[in-house]
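Chains A and B, in that order, are what the protein sequence lines are.
This note's numbering applies: residue 1 is where the first sequence begins, and numbers increase by one.
This note's numbering applies: residue 1 is where the second sequence begins, and numbers increase by one.
Keep in mind the hints are simulated off the structure, nothing from the lab.
Because the structure is a prediction, the values reported are computed rather than measured.
Possibly wrong hints are sitting among the right ones.
As the list claims (entries may be wrong) - Partial selection, computed: residues in chain B whose CB lies under 10 Å from chain A:
(1) Ile4
(2) Met25
(3) Cys80
(4) Asp89
(5) Asn133
(6) Met156
(7) Ala158
Unchecked claim - Computed Cβ-Cβ distance ranges for the label pairs, DEER-style:
(8) B:Asn249 with A:Glu61: 37 to 43 Å
(9) A:Glu250 with B:Lys243: 55 to 61 Å
(10) A:Pro118 with B:Met1: 36 to 42 Å
(11) B:Gln154 with A:His275: 47 to 53 Å
(12) A:Arg183 with B:Lys37: 52 to 58 Å
Said to hold, decoys possible - Some but not every residue of chain A turned toward chain B, in silico, with C-beta under 8 Å:
(13) His5
(14) Val84
(15) Val103
(16) Val135
For each residue, glycine too, the CB sits at the ideal point set by N, CA and C.
2 protein chains.
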Amino acid sequence: MQIIHTINELNTWRKQQQIAFVPTMGNLHAGHLALVKAAKEHAEHVVVSIFVNPLQFGQGEDYSSYPRTLQEDADKLIECGVDVLFAPDVKELYPHTNQDYCVEPPALQHELCGRFRPGHFRGVATVVLKLFNIVRPDFACFGKKDYQQLAIIQGMVADLNVPVTIIPVDTGRDIDGLALSSRNGYLSPQERVIAPQLYQMLCWVRDELIAGRRDFASLQTDAMMKLNQQGWQTDYIEIRDAKTLEKANENHHDIVILAASRLSNTRLIDNLEVHI
Amino acid sequence: MQIIHTINELNTWRKQQQIAFVPTMGNLHAGHLALVKAAKEHAEHVVVSIFVNPLQFGQGEDYSSYPRTLQEDADKLIECGVDVLFAPDVKELYPHTNQDYCVEPPALQHELCGRFRPGHFRGVATVVLKLFNIVRPDFACFGKKDYQQLAIIQGMVADLNVPVTIIPVDTGRDIDGLALSSRNGYLSPQERVIAPQLYQMLCWVRDELIAGRRDFASLQTDAMMKLNQQGWQTDYIEIRDAKTLEKANENHHDIVILAASRLSNTRLIDNLEVHI
Chain A
1 MQIIHTINEL NTWRKQQQIA FVPTMGNLHA GHLALVKAAK EHAEHVVVSI FVNPLQFGQG
61 EDYSSYPRTL QEDADKLIEC GVDVLFAPDV KELYPHTNQD YCVEPPALQH ELCGRFRPGH
121 FRGVATVVLK LFNIVRPDFA CFGKKDYQQL AIIQGMVADL NVPVTIIPVD TGRDIDGLAL
181 SSRNGYLSPQ ERVIAPQLYQ MLCWVRDELI AGRRDFASLQ TDAMMKLNQQ GWQTDYIEIR
241 DAKTLEKANE NHHDIVILAA SRLSNTRLID NLEVHI
Chain B
1 MQIIHTINEL NTWRKQQQIA FVPTMGNLHA GHLALVKAAK EHAEHVVVSI FVNPLQFGQG
61 EDYSSYPRTL QEDADKLIEC GVDVLFAPDV KELYPHTNQD YCVEPPALQH ELCGRFRPGH
121 FRGVATVVLK LFNIVRPDFA CFGKKDYQQL AIIQGMVADL NVPVTIIPVD TGRDIDGLAL
181 SSRNGYLSPQ ERVIAPQLYQ MLCWVRDELI AGRRDFASLQ TDAMMKLNQQ GWQTDYIEIR
241 DAKTLEKANE NHHDIVILAA SRLSNTRLID NLEVHI
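The task is simple: from the sequences and hints, build the whole structure.
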C-alpha cells in the first residue's frame, strides 16, 4: 500500500485522460473557434458543449430569445475537427424542477456584472462544474471576453480541487475593435456602427492610465459619462486588479478595465488588460 | 465528429477508471473496515482517505481533540489490502485561509443534526466534493450511521452530475447494539455501559410503529423524554421518510428514525430504518 500525502503525488498515481473542453452556449463565431483551436493545441481529443443554461439567466433577460443554431454550429465544429459535440437538452442537465445543490462563489459574484445580474455567476459556476463532471476534461478553454466569469471559474477550480487546467484565450475582435459576441446579432445596423465605441472607451482609459492618471474613481466616472453622452446606458466601467479583480489602487500594476453598457436593449461587455 | 445528447452516451464514449474510495476521518474501527470491504467488492483499486476536516466542525466542537491515529490506521488498511491511503495535511486541502467556493446544500442541511451544527453539512459536502475531485473514484462508500450525511452526498452527486456511484453500507454495531463510532472513545466506562440505550430507544420507536402507532409527533416526544429520564440530553429523535428525509406522515412507508443525544460531553448519533 502506498501512503500519499499530497494531491500532486495522487495525480501522478492516477492515469491521465487527454481531453480539452470548450463549453459554449452555441451560435458559434470566430471567438468560439479560437477556443477550439486553443483546445486542440492542449489535448488529443476535443469536446465542445452547446447548452443555453437557464440557471445563469435572470428574469427579463434573453434566455428564450438567445440564438440557437445547432446545425450551423455542428457544421463549423466538424470543419474544425472536433471529436464530440455535447448538446444536451434542459431536462438532461436539470431533470428536476430545481437545482438544489449549487456552487456558491465568494463576494466577487455580487460585483461588476453580478451587481446587475443577481445569481448569474452562481448559475455559471454550477453549470460549469456540472459540465466538467460530465465531460471530465483535462483542459478547458474560456475566453477573456467574459473576464469575471473566467476569474470565478479559475477560483472555483483551484478552491474545489477540480482536476481541470483552465486555458484563458484572448478576446476575438472584429476589424473595427468590437469584441465578438453572439449578442452582437441583436444590434441594428445603426447600432452596429457605433458599437466599437465601447472598446474605444476602454482604450481611452488605458491610454490615460499609461499617461499617468491615477485618480481611478474620477477616471471611471469620466469614461462612463463620455459613453453615455454617445447614447449608451452604462452599467459600469471599472479599473480592477487583473488577477484578483479587487478594486485597483496605486499599488496595482497589472490592471484590467472592465465595462458593461447597453445600446437600447442590447447589453455588451468588454475589457482590456494593461500593465502600468 | 459524434453529436451526443445524453450524459449516458457521453459516459460510454469516455474511458472508465475503476477505483472505489472510502473517505474517513481516521481512528478506524470495524465500521470503517466494512466500508473498505464494500469498496473492494466494487472496484479493482481501493483508495482510503484520512482527513479530519476543519470545515465541518463548529466552534466548541471536538476538532482539536478528535482522535488522530495514522500509524495504527495505516496498519489496519495494509492488512485489508488497500492500494492507496491518502492522508493530506490541512494546508494541502486548504492552502488559503478561507475556502471561498462552497457547495451549498438545500434546506435539509439546516434540519436534524444541521439544527445543532450550523455549517456542518456545507463543510461535509464541500470537502467530499474536493476529495472526489482529487481521487476521481468510480465508487465511494459511506456508512448509513451518518444517514443525513449520506442523503446530502447522494443529493449532491445526483444534482451536480458528480461521476461517482455512492455505495451505502450498513451501520456496524457492537454486540450490545451501540453503533460503532470514533466518538465512542470519549465515553467513560460507566457511560459506555448505558450508551446502548440510544439504539434501544430507536428499537422501541420502531416497535411502536410496527405495532401501528401513527402519532409521530407525540411518539417522538415520548422517546425523547424516556431517553432524557435515563440521563441523556437529547438533541432530537425524529421519524422521517427514509429516502427524502422529509417529516414522515401516514403516507410514508419507508421510514427512518434518527436520533442525536449527549452523555455529558459526548454527542452520539444513530438511526434505524423500518418499513411500515
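Verification of the hints:
1. Ile4: It holds, given that the least Cβ distance between Ile4 (chain B) and chain A is near 5 Å, below 10 Å.
2. Met25: violated (16 Å)
3. Cys80: The hint holds - Cys80 (chain B) has a Cβ within 10 Å of chain A, the shortest such distance being about 9 Å.
4. Asp89: holds (7 Å)
5. Asn133: Holds, about 4 Å.
6. Met156: At about 5 Å, which falls below the 10 Å cut-off, the nearest Cβ of chain A leaves the hint on Met156 (chain B) intact, so it holds.
7. Ala158: holds (8 Å)
8. B:Asn249 with A:Glu61: 37 to 43 Å: holds (40 Å)
9. A:Glu250 with B:Lys243: 55 to 61 Å: The hint (55 to 61 Å, Cβ to Cβ) holds, given that Glu250 (chain A) and Lys243 (chain B) are roughly 58 Å apart.
10. A:Pro118 with B:Met1: 36 to 42 Å: With Cβ atoms ~37 Å apart, the hint holds.
11. B:Gln154 with A:His275: 47 to 53 Å: holds (48 Å)
12. A:Arg183 with B:Lys37: 52 to 58 Å: holds (55 Å)
13. His5: Holds. Min distance 6 Å.
14. Val84: This hint holds: Val84 (chain A) lies near chain B, its Cβ roughly 5 Å from the closest one there, short of 8 Å.
15. Val103: holds (6 Å)
16. Val135: With a closest approach of 7 Å, the Val135 (chain A) hint holds.
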